[in-house]
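Engineer: Could you put the whole structure together from the sequences, leaning on the hints where they help?
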Amino acid sequence: MDHTNSSNHRPRPTGNKWGAGRPPPPPLSMQEGLPPAASSGYGRHLMLEDRPKSTAMLSLGIRSLQALCSLVSFSLMASSNQSYSYHTGFTKISVNLHYSDFPPFSFLVAAMVLTFVWSLGILLRDLFELCGWGRLQLARWRIWACFLTDTLLVLLSFGAGCAAAGVTTINGLLCDSQIQGQMCGLAKAAAGFAFCAWASLLPTFGFALICVFREYN
Numbered sequence: 001m002d003h004t005n006s007s008n009h010r011p012r013p014t015g016n017k018w019g020a021g022r023p024p025p026p027p028l029s030m031q032e033g034l035p036p037a038a039s040s041g042y043g044r045h046l047m048l049e050d051r052p053k054s055t056a057m058l059s060l061g062i063r064s065l066q067a068l069c070s071l072v073s074f075s076l077m078a079s080s081n082q083s084y085s086y087h088t089g090f091t092k093i094s095v096n097l098h099y100s101d102f103p104p105f106s107f108l109v110a111a112m113v114l115t116f117v118w119s120l121g122i123l124l125r126d127l128f129e130l131c132g133w134g135r136l137q138l139a140r141w142r143i144w145a146c147f148l149t150d151t152l153l154v155l156l157s158f159g160a161g162c163a164a165a166g167v168t169t170i171n172g173l174l175c176d177s178q179i180q181g182q183m184c185g186l187a188k189a190a191a192g193f194a195f196c197a198w199a200s201l202l203p204t205f206g207f208a209l210i211c212v213f214r215e216y217n
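According to full-length UniProt numbering, the sequence shown is numbered sequentially starting from 1.
Derived by calculation from the structure, the hints in this document are not laboratory data. Please note that the accuracy of each hint is not assured.
[Stated by the list, open to error] Pairwise CB distance ranges (calculated): (1) S100 <-> L68: 29 to 35 Å; (2) Q182 <-> V117: 26 to 32 Å; (3) Q82 <-> L148: 33 to 39 Å; (4) V113 <-> V212: 22 to 28 Å; (5) L58 <-> Y216: 23 to 29 Å.
Only a predicted model underlies this, so the values are computations on that prediction, with no experimental measurement involved. Where is the CB? At the ideal position from N, CA and C, for every residue including glycine.
Structural biologist: See below:
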């Protein structure tokens with residue numbers, strides 16, 4: 001008499017547990033149309049979003065304006081050196097004025113050089129992406145880099161413009177003498193372009209701030 005259980009003679013399914021020839025159901029993240037990492041919360045911090053070309057073109061234009069204003073500002077200030085001489089009755093004294101003799105002007109040149117380098121770098125990146133040499137994407141590290149750098153440059157450019165304007169216009173420390181008229185005019189123009197660079201930094205700072213808020217909301 002065969003005491004073997006009849007269930008042992010049932011055919012065993014081959015392949016996966018869902019039956020032969022029948023694929024298992026897709027993961028929940030694929031059913032929702034999201035990548036697995038993004039649905040689990042981990043990919044939210046590493047997420048890449050496609051950036052439309054219109055946004056890249058707008059960024060290219062704004063960065064070009066930033067680079068132009070900062071370039072003109074520190075070029076005017078760097079060329080504002082002036083030499084003059086005067087007589088004391090017995091001797092002739094020659095004086096050479098350089099922008100580095102005034103700390104506010106040195107601060108303006110440093111801030112505008114930093115703004116120019118940063119804007120030129122982002123400008124070239126946008127240009128490469130628009131030419132098809134890169135991917136139009138917004139990565140989390142790139143958003144944070146733009147936000148932090150633009151925040152720093154907004155503060156530096158505004159402070160540099162105010163410092164230069166305080167020396168040339170508000171207090172009149174430099175422009176009281178007619179001898180220093182040429183240097184005074186160039187310094188005023190450099191301060192004006194510093195404010196233009198500050199104003200052109202505000203749109204990119206606002207866009208980066210919105211992207212940061214969207215990342216955590």
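Engineer: Against each hint, give a clear statement of whether it holds in the structure.
Structural biologist: Each hint, compared with the structure:
1. S100 <-> L68: 29 to 35 Å: 24 Å, violated
2. Q182 <-> V117: 26 to 32 Å: 28 Å, holds
3. Q82 <-> L148: 33 to 39 Å: 38 Å, holds
4. V113 <-> V212: 22 to 28 Å: For V212 against V113, whose Cβ atoms are near 26 Å apart, the range 22 to 28 Å holds.
5. L58 <-> Y216: 23 to 29 Å: At roughly 24 Å between Cβ atoms, Y216 and L58 fall inside 23 to 29 Å, so the hint holds.
When the structure is compared with the earlier hints, a violation turns up for hint 1 alone.
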